[in-house]
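Colleague: Here is how the chains run, residue by residue.
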Amino acid sequence: MIVDCAVYKEGRRVPGTFTPGAALRKSRADDAFVWIGLHEPTRDEFEEVRREFDLHELAVEDAIKAHQRPKLESYDDSVLLVLKPARYVDSEEVVELGEILIFLGSGFIVVVRHGDTGGLQDARRALEARPEFLALGPSAVLHAIVDYVVDDYRPVMEGLEQDVDQVEEAVFSSERTNPTERIYYLKREVIEFRRATAPLLNPLNHLASRTTPHVNEDVQEYFRDVYDHLLRVNEQVEGFRDLLTSVLEANLTQVSVRQNEDMRKISAWVAIAVVPTMIAGIYGMNFEYMPELQSTFGYPAVLGFMALACSALYIFFRRRDWL
Amino acid sequence: MIVDCAVYKEGRRVPGTFTPGAALRKSRADDAFVWIGLHEPTRDEFEEVRREFDLHELAVEDAIKAHQRPKLESYDDSVLLVLKPARYVDSEEVVELGEILIFLGSGFIVVVRHGDTGGLQDARRALEARPEFLALGPSAVLHAIVDYVVDDYRPVMEGLEQDVDQVEEAVFSSERTNPTERIYYLKREVIEFRRATAPLLNPLNHLASRTTPHVNEDVQEYFRDVYDHLLRVNEQVEGFRDLLTSVLEANLTQVSVRQNEDMRKISAWVAIAVVPTMIAGIYGMNFEYMPELQSTFGYPAVLGFMALACSALYIFFRRRDWL
Amino acid sequence: MIVDCAVYKEGRRVPGTFTPGAALRKSRADDAFVWIGLHEPTRDEFEEVRREFDLHELAVEDAIKAHQRPKLESYDDSVLLVLKPARYVDSEEVVELGEILIFLGSGFIVVVRHGDTGGLQDARRALEARPEFLALGPSAVLHAIVDYVVDDYRPVMEGLEQDVDQVEEAVFSSERTNPTERIYYLKREVIEFRRATAPLLNPLNHLASRTTPHVNEDVQEYFRDVYDHLLRVNEQVEGFRDLLTSVLEANLTQVSVRQNEDMRKISAWVAIAVVPTMIAGIYGMNFEYMPELQSTFGYPAVLGFMALACSALYIFFRRRDWL
Amino acid sequence: MIVDCAVYKEGRRVPGTFTPGAALRKSRADDAFVWIGLHEPTRDEFEEVRREFDLHELAVEDAIKAHQRPKLESYDDSVLLVLKPARYVDSEEVVELGEILIFLGSGFIVVVRHGDTGGLQDARRALEARPEFLALGPSAVLHAIVDYVVDDYRPVMEGLEQDVDQVEEAVFSSERTNPTERIYYLKREVIEFRRATAPLLNPLNHLASRTTPHVNEDVQEYFRDVYDHLLRVNEQVEGFRDLLTSVLEANLTQVSVRQNEDMRKISAWVAIAVVPTMIAGIYGMNFEYMPELQSTFGYPAVLGFMALACSALYIFFRRRDWL
Amino acid sequence: MIVDCAVYKEGRRVPGTFTPGAALRKSRADDAFVWIGLHEPTRDEFEEVRREFDLHELAVEDAIKAHQRPKLESYDDSVLLVLKPARYVDSEEVVELGEILIFLGSGFIVVVRHGDTGGLQDARRALEARPEFLALGPSAVLHAIVDYVVDDYRPVMEGLEQDVDQVEEAVFSSERTNPTERIYYLKREVIEFRRATAPLLNPLNHLASRTTPHVNEDVQEYFRDVYDHLLRVNEQVEGFRDLLTSVLEANLTQVSVRQNEDMRKISAWVAIAVVPTMIAGIYGMNFEYMPELQSTFGYPAVLGFMALACSALYIFFRRRDWL
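Protein chains in written order, with my numbering: chain A, 1 to 323; chain B, 1 to 323; chain C, 1 to 323; chain D, 1 to 323; chain E, 1 to 323.
If we strip away everything but chain A, and leave its shape as in the complex, we get (with noise of 0.2 Å):
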């Protein structure tokens, strides 16, 4: 489905809508470029785009089944870059990956989205703003979605530092709880993410410090501070991947720790009812000759005894914190 398709002239949107093969002979015309957004485009739809813009032949399906990786490719006319926006749903802690492409080339920009990580009107938007920026070309939009997508993987970060405070104090916690499935599935989804980040480092590194076809010079220094956030990003992650490794490590601890004192407790326990069961035991034996049995004080001295050693017992076992 294409989603939008404008004429940019001198930073600002051309009026009226366009076909994407009228909007490039527009903007060829007028020294303008066009900018065409996609969203999980048919393989005819594309393929018109792709004939009117003479993009590569790989392009499509690329393009039409979207499980690329980030990346950063040139092509003879056009340039492609690849990004995976993300999104947290908190609700089953799971971090949901999309995927979007880029082919920039000279005089136009194509866009293609892939899945529901929200679209980039907001982006556009932001971006008609600012026509000064606007008025750099094509890279200026690239920038501005670049930008958009690495700012969007804040609320990611959020989400899933939120999880691992939680998990903490879970660990830690004197609740009788056992986190160790959610640690485990929030690493996972800490890897899953990684996924989004990791491989564009490079492309972003690529586009912040060497030329690029198709990139405006003035553009390309913005990108330093996208791939600073990016790397702040993917140095935050590597440590979720460490901190959730630990903190399996010391939730082995915990639930054993807190197993034990359980089991301990229990036994304790027991240790004191076996005592005056040991005791009454004695009495009960059938001898003939035992003097005690006799005794009117025998029961209530037995009995106080009883009471003596257990409550011996109990707290010898508090004192040494078994119980």
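Source of the hints: derived by calculation from the structure; they are not laboratory data. Take these hints with a grain of salt, some might be off.
Far from chain E, some chain C residues (derived; all Cβ distances over 10 Å) [what the hints assert, rightly or not]:
#1 9
#2 73
#3 91
#4 202
#5 205
#6 210
#7 315
Partial list, computed: chain A residues near chain C (C-beta under 10 Å) [to be verified]:
#8 222
#9 224
#10 246
#11 249
#12 256
#13 257
#14 260
#15 268
#16 278
#17 280
#18 281
#19 313
#20 322
Cβ coordinates follow ideal geometry from the N, Cα and C atoms, glycine included.
Starting from the known structure of chain A, arrange chains B, C, D and E on it as the hints suggest.
Modeller: Chains B, C, D and E only, in chain A's frame:
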């Protein structure tokens, strides 16, 4: 065994069956190229081909024994690419690796296949259906085979992914299973599979980004796509390894939690039973003066007290989640 | 907030207070340089400084928000160095990171500080006491601040080292403590602190070994020492991480050993108490013909035997180190 | 001890026995080359050889003491390659490493062997059977020896693989074995063996891909094959290390599962026995008014109830898989 | 403290004692060189030497405080090498690190030693016995000291190796020891020792493979040997680290196995004792009609049955390896 020996001219198969020698002469005369496919050739079979196409002496051992790592090697007159096709045997959860050696020279491509991972007839048929691509020469065949083999890694990945999912489920299910053995052998298979994919990255990167002798420049561009695909496969394999390591650790926690729970429950029941035993022991003592024993309601009162104590303990253990 | 804005000529402070603009004009006229220190400036405060010194537009966001990694960046007319000063709050065992941004240009140095990790007044005073060094220009100030910040990592290291020592002691002490939580959070702080030191290595290496715009050659040599110091800090931080990982594992063993000892002792006592109970049970049977029961010395003999059996068990358990 | 000292001309051995000096003079006169093999030479023996062939002074210590890492070093007039041949002693599950130093110069090759890992007579005989290859000069001998040593790593790999398989079986068998010690020492051997193979990679890569003084260009190509073989060996060694680490962890789970099962079974039996004890205790109380005691069928009824309760518990525990 | 200050001419010591200044003048006049050794000099002592030999100002702090990493630095007129000699204190299982700073310039070598790891008199004496080598100038002294220090790492390695062996023995012995603490602190020492050896690799590699100012070319070749030695030391240190990590894990398994065995044995004995208690309880019931009680042989029969049941249980537990 020679599986197929064909001459291709301008992208189309020249009718007729040829011996390797005849095919070579035919191709030389017609500006065509030869594509020979062998399956586990005997020393003599391969020696004949080797002499006709003037392959390097060292190649004989490699082509017959088949214990190579994936690699790309340049000889004087030809290039050798070694691939490891893979197949997933779901019933045994085992990854089977085969081996394909491709000798690419000026006007010929010799493909030697080992193992039972499926023939290349499909790749040949698909390629013959695209004569315009096949017309680019033997390196088009090279691309077709590499693409076919790397595409075939996908079902292996899916098989492994499914097993990883099952293993995760088993670890975190409430059933008392111990999937340690399965996790371990799965990890072993992942490490095994990595031996096919990881060492292929460098050769494919070379084919995709630098000019290689006997490889058509138009074909080179197509290798970028295959390389990209392999990168994704490799990334996922690394992810599996990482996950299985974490799962093994999570499993230790889960197993120990479950077993401890069992022990705790048994001990708690013993602790409950110990209390009436203790009380009964007391009233089983043979003291002459024990006033409760004469009371008519002594017995039911004690029975009631026992029931009460046991119930209280039961509720207490329940609340503490010990039962 | 502008903390201080001074003009330095030939290593000595020019008397009087200046606005940024006045300072710049003064310094231009006198062949001197300006050193401005800001603390958490508002957008307007910084914007004014930025315009006066012609800093890059992108710098505004960075200077106000302060969520940068340590880095060195070259702009057209200036160089930006980002530092992360650190402070150790011993009471909470937490490493607090601040942020310092230094813009170095021809004839000026602008220092923006964020966070509460302590001001740079000491660094300014110390530097003003060395006019011959200060006479080397703004890069001498750069060196002084970097040196000051890296020197300030030492108390953090000492704080962490002390905590690591305490944690080791707790792990291997005979007291029944469980320092898992403390180990984990300490490791977390070490990882946090590493975010300040590790990314600074490359910028400092660059300052020490290659010519940087606006950095005096005589000053460059002094950066080698700071770089070396940072290398040592970083090595030690890595060492802490390694140690804490091992301590976490050792702690699991120690905790499980200690808990098992408790369980073993309780069980051993129960086992000792079970023996007289069993014997008493036997002589509590109601058989008509039990010759021992008639014997006058039956009762004391059995009591003696019980005491003997218990003592024997006790000695046996003691020898086996079970008690 | 000088094992053999021979002169080779045009690929064939010149008849007769020579002293090192005579051999060198003979070879210089005839345009032939000398191949000397020494086994653990004394200082005097080696010193004589050294002087004749003008080897570097530092070589003496190396050649006599034999505690070198695999390496390739260029001196003024010769090249030194150090190899570590390996042998697997299956009875003790130990990898024994020897040491071979090869001095290669213009017209001579001196081979010094240390340790008991098997002589090089087989390599010499095999090479003498290929005069056309031997005619390529002393570097052909170098290749033959390196090839022989690397080929000899195969039985070591097979021995280790077999042990890894046995260890895996032991870990996952239902027998109550504890293979921890064996796993650990196996891992130790793998690390030990790696000291022979890993540092050899760089020297072999150098021999295979760059021109080395005194190494014939035609021979260089043959080193590619040996390098490839070594790469495979090294990859497998790394795989073993990885597997043994996982096996050690899996073993911890398995061992704790098995031991817990034992404990659970014993506890379950105790729990079953506690029930009739409790019931018996109740009817052992001495209350005057206990109506059941007068009943004729009281005793068998209680016995039956006991049996019933025990059976019910047994079935319950069985169902829960606690027995 | 100035330990020794000597002038060497043509490899021989010039008789007499000199102050640093006199020695320098003497050496300048005679084309000789000065070798000064200092041990923990005061600021004034070193300042005097520094001025005489025109060393860099920054060197003063380094030479007095001594908290440097091993490194090689080039100043204008001199080269600085920092070494960390090591000593193993077996009684405390501690590696003690010292520090040696060597300033090498044209015609002089200044050696500053810190710590108690043994003086360099032996190195001086050994070198004076080789006048032909000493004649190569101050870099010969540099080599001698570096060689001496690296040679001195050997006893440390041997001490650590012995401790690792003892720890392994303790882990796998059948005695109930818990060597966790010892393993941990040993690992700590290994990490500590690595701080002396690992950062020295680069400087030594530089000295061995590239020309360094003030280092004689003939001496350079000798550094290859020292570098090689250090490589071996470093490899072994890494091996220790790896082994100790595995030992720590194996120890967890061994400790938990041993403790579980103890618990299992105690529980098994309790289980055996519970059976006669249960039987005795049954015959202790007060039912009026219990035919066995009247039988003359009831008592011995029951006793026999008890013995039989216990024996059967004992044999059963023995067979299952529970006792």
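Colleague: Checking each numbered hint in turn, tell me which of them this model violates, lowest number first.
Modeller: none
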